[in-house]
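A.B. asks: Given next are the chains, with one letter for each unit.
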Amino acid sequence: MTAAIPEWNGAVERRKTKPRTVENVILPLDGQNFSQSAIPIARELARLHGATLHVVYVGEQAAAAQDTLKWLGLKSSETRGVVMDHRKGNPAERVIHSARDLPRALIVMCTHTGQQMNGERFGAVAESILLTKPERIVLVAPEPDHPAWKLRSILLAHDGTPACHPAAGPAAELAHLAGAQIIALHVATRRNPRGEEPGSLSAPRYVDQPQHEWPAWADEFMSRMLAMGAAPSSMHFDLVVTGGQPGSEVAQVARERNADLVVMGWHGHWDHDPSATRVVIRTSGCPVFLVYCE
Amino acid sequence: MNHSASQPQVDTRHGALAYAEAVPSILPALFRDSDPTWLLVEEGFTLAREHEVESLFAIANGYVGNRGCLAEGSALSAPATFIAGVFEHPQTPGAVPQLITLPDWAGVRIWISDEPLSIERGQVLEHRRVLDLRRGMLWREWRHRDPHGRITRIVACRLASLSDRHLLLHSVTLTAENYSSVVRFESSIDIDSGSMTFPMPDWKPRRSPERPNVLPLVLRTPGVEVNIAFGVMGQLVASTGTVGEREIDADERRIVERCEMNAEIGTECHLHRLISIFTSREKPRPFEDALSHLNRLLPRGIADAASSHVSEWQPRWQTADIEVVGDDSLQRALRFAEYHLISAANPEDGRVSIGARALTGSAYKGHVFWDTEIYMLPFFTFTHPPSARALLEYRYHTLDAARAKARAAGFRGAMYPWESADTGEETTPKAIITPGGEVMRVLNGEMEVHISADIAYGIWQYWNVTGDEEFFSQCGAEIILETARFWASRGTMESDGRYHIRHVIGPDEYHEDVDDNAYTNLMAAWNLRRGAETASLLQSRWAGRWRELADRLQITEEELKTWSKLADSMFTTFDQQTFLFEQFQGYFAKEPANLKSYEPRSVAMDVILGHERIQRTNIVKQADVVMAAYLLWDEMVPEARGANFRYYESRTGHGSSLSPSIHALMAARLGDGHLAQQYVKQASEIDLGNNMGNAAGGVHAAALGGLWQAMVFGFGGLRTQRDGICLAPNLLSHWRRLSFPLQWRKSTVHISIEPSAVRIAVEGGEPVRVRLDAGSEVIAAPRQEYMADRAQAGWNPWRMLH
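Order-wise, the sequence lines are chains A and B.
Using my numbering, the letters of the first sequence correspond one by one to residues 1 to 294.
Using my numbering, the letters of the second sequence correspond one by one to residues 1001 to 1802.
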């Protein structure tokens, strides 16, 4: 059950577009093949935002520049405007420090590099970074190659809770910058454990007359998301509602719709629905942008 | 603008003195209830909930409704005012009429020393909205520290007058708690670009600060010729008597009024506004009417207008208020329900009805469904018959459209539309884009035909309860005859010797295009019998009217006999062994679904399973056979009531807000306290519970009416008979008392039920026959009180108390 409600044209007084929210893109590399999967995504996101790309790599000794590039899997042509940031110490801590030191930073990295993921868990560096609840992070599952990644279609997954509204702003901003299509996806679950938070809007309990209820619900959903997510008023969203398990459903829609990026609000922990966000990251076939929502 | 305040120039000829003297700085004390069961309170401010709050706190009087939005607006505010019966008719293909959203008249922005006062800037020290259900007034209390440390207290109220339906009142009191500064109030009414306007060349704004002003604004609704006129007057007055400066900026699309004064520390500044609305629906010259209306009100002042409004609410509650002692939460929900029902109806206008969301939101486009006659009408029939009559008159005034619909579909008589607006024509959208994305035909307009019998049922009940013979003979009878005639043409007499009604949708809308829906067939048979009975009544009691009708409608004796025969031949699948009705042909063969396995859930079953899948299952959307068992209680053998309730209740997903209340009612009647309690709680929380945004588009008016019915007909056990009423009480164990008034013919009957006794008292001119649970009966005389004690089995006989 997947498709759009394309006719939504609800008008709402929206907040003005904020200044660009990303000034620095941090790309951790470790010389493993998998880590290179994140390079085209980081480059493109830096280009779209007009941000500086920082390649963060960790080693005890600084090597010659050409040797470093070769080790990281970078071509010389790919380093124009790139800041090579050599750090010593624990890789995760170095990346975290970089993200804290640089204003308006976005981390773009692989979920794991050399080793296979152990069950649902990502690589040690990614897990350590996620534990610190970075404000924004793009995770790239390394299996599919992204040699010439372009952002043409964004899928914004939204569970209807107010905490997820902040994801709308970055998604809309990226769509605006890239001229990309943006689809808002709500997966109607039997019961959303967070759905009783004040201001939550889940799929309706009562659908008295579908011909009226669904347009009204879609209007309300989009009004809340845009107004509270500070999305630009000029941005057009298609709204899609599906039923099923949130993680697998988001991933499936992302694949069906050839999404280039999934944007999700993330509560900073995995406990209330241990698998949904991880399932999306692992199986959607595209990078996933997590926006930390308190 | 001159910031210096000026002293009032008393001009009694224009009513300025009375207006200024009536400054209601004591309005809160005078007009605010202290009993929490009469108050709906929203503490704080949650931006995401704003649309829900606006719906719940809406004010209305049956003519005009206004959502309870913040006066200064917010990122999610959706201010809206609606007038009953004023629809725009979009010209885009596939579009259907919708209630027009009028310009916001309640918007007032405040500046303190040229800094806007905003809930989103500075610190909110207190904020609450309070709906006084008893008085029909919306209050807002807001205490705010701005970024400069200035603390401002705002107390505002607004109302839609019940005593003068064209009048809206808005009062804002500002107190500068810890500062002195210039304060400015700006109110504006803007017409959106989609509406046409008419300039008023003769009008000149008064700029004198001493006298209130009258500001005209006229717009024409798109697609139809209805002019709407606003008259507005406002005045800023300090508690010291100082009158503020006024500046007016007005053109044909906009009225802006700015008032300002020096607010001294600790003093109050009152902005009082009266707004008058008229349309060309009811008056040929609405602009002149709005102006003269305000000029008439001016000498009496704002406090008088508020008092009149409050006084009008009092008798409405005296004939409607249900008291349930032992459950404050339910008590508040009941008053909330009755408040919105009273607010929704206009007894003075028989050309409008109540839409699914009443006048509280734009969802459902103001369209009228069976909700009105089956769910809301009983409340009015039993508490305020003039409102009930007006609602039924709407069906009489749209009878020709129903006839035209029947003709167009190849039938006879009157086929009422599933959805209707101002003209009575079918307004159900033809298609919908489902949440699954496919374009799906909406079949209800063609197939959900039970509404014609529902309307006839409402008329019959109204007539029986009120004894309004004038309405019955002049309007109601014709509808019953024409709907009976429709049923006689809608089905077919088939080779099995039974009359079948095929290709319909019953109340269970999960199953479309079914044959012989039990509810539809039972109600159609009932309608056919009442059609024949109506003809007989007319012949015996209103012979002239009968001759006129029979001649005009060309009704023959032969046709009347056919109606009775068809009713007797109506196909049903009633099983004498199980006492079950099959909901429609083939229902019992549907894929069984275990609803319990989907619990807990907070979304409708069709969302979970999808439209196609749910049609294959036996999941029922809402009360269908159960609804028939309720409405036709006395025509069903007792075993069938319980058997069908138990069978279908366990298969019902309650995907409609109309469902829980009827299940509460039936469970109560059948003595299942556990289920009754569960369902009445669910029914009472449809708008008020944490329902995740269900009410954002307006309150669920039918569900509110259903809740009233659950209390009176379920827990009170009220049933009506031709010669009186019958009570079969079923209180929940934690209730100490349930009491309610009801209108019966020319009397008011006060009923009070306690666990061990029932009391009744009749007020009015005629004795009332009251039966008690198939036991004793009494012909209760006016001004006497009677009581019956509970016995070991049933009740002891009635006895007079004094």
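Hints in this document: simulated from the structure, not taken from any laboratory.
The C-beta atom is built at its ideal place from N, Cα and C for all residues, glycine as well.
One or more hints might be untrue.
According to the in silico footprint, chain B covers these stretches of chain A (three or more CB under 8 Å from chain B) [stated by the list, open to error]:
| no. | segment |
| --- | --- |
| 1 | 92 to 101 |
| 2 | 172 to 185 |
| 3 | 206 to 213 |
Non-contacting residues of chain A with respect to chain B, defined by C-beta distances greater than 12 Å in every case (computed) [as the list claims (entries may be wrong)]:
| no. | residue |
| --- | --- |
| 4 | V58 |
| 5 | S77 |
| 6 | A148 |
| 7 | G160 |
| 8 | T161 |
| 9 | P162 |
| 10 | H165 |
A.B. asks: The structure should be examined with respect to each hint, and the outcome stated for every one.
C.D. replies: Hint check:
1. Residue count for the segment 92 to 101 of chain A with a Cβ under 8 Å from a Cβ of chain B: 0. That is fewer than the three needed, and the coverage hint is violated.
2. With 0 residues bearing a CB less than 8 Å from a CB of chain B, the segment 172 to 185 of chain A misses the requirement of three and the coverage assertion fails.
3. Restraint check on the segment 206 to 213 of chain A versus chain B: 8 residues with Cβ-Cβ distances below 8 Å, three needed, restraint holds.
4. Distance check on V58/A: its Cβ is at least 42 Å (rounded) from any Cβ of chain B, clearing the 12 Å threshold; non-interface status holds.
5. Chain B leaves S77/A outside its interface by the beta-carbon criterion, the shortest separation being 43 Å against a cut-off of 12 Å.
6. Listed as outside the interface, A148/A is consistent with that label: its C-beta sits roughly 30 Å from the nearest C-beta of chain B, beyond the 12 Å cut-off.
7. Chain B draws G160/A into its interface by the beta-carbon criterion, the shortest separation being 7 Å against a cut-off of 12 Å.
8. The claim that T161/A is not at the interface with chain B is violated, since a C-beta of that chain comes within 12 Å of its own (minimum 9 Å).
9. Residue-level check failed: P162/A sits 5 Å from the nearest beta carbon of chain B, not beyond 12 Å.
10. Residue-level check failed: H165/A sits 8 Å from the nearest beta carbon of chain B, not beyond 12 Å.
In the structure shown, a violation is registered for the earlier hints numbered 1, 2, 7, 8, 9 and 10, in ascending order.
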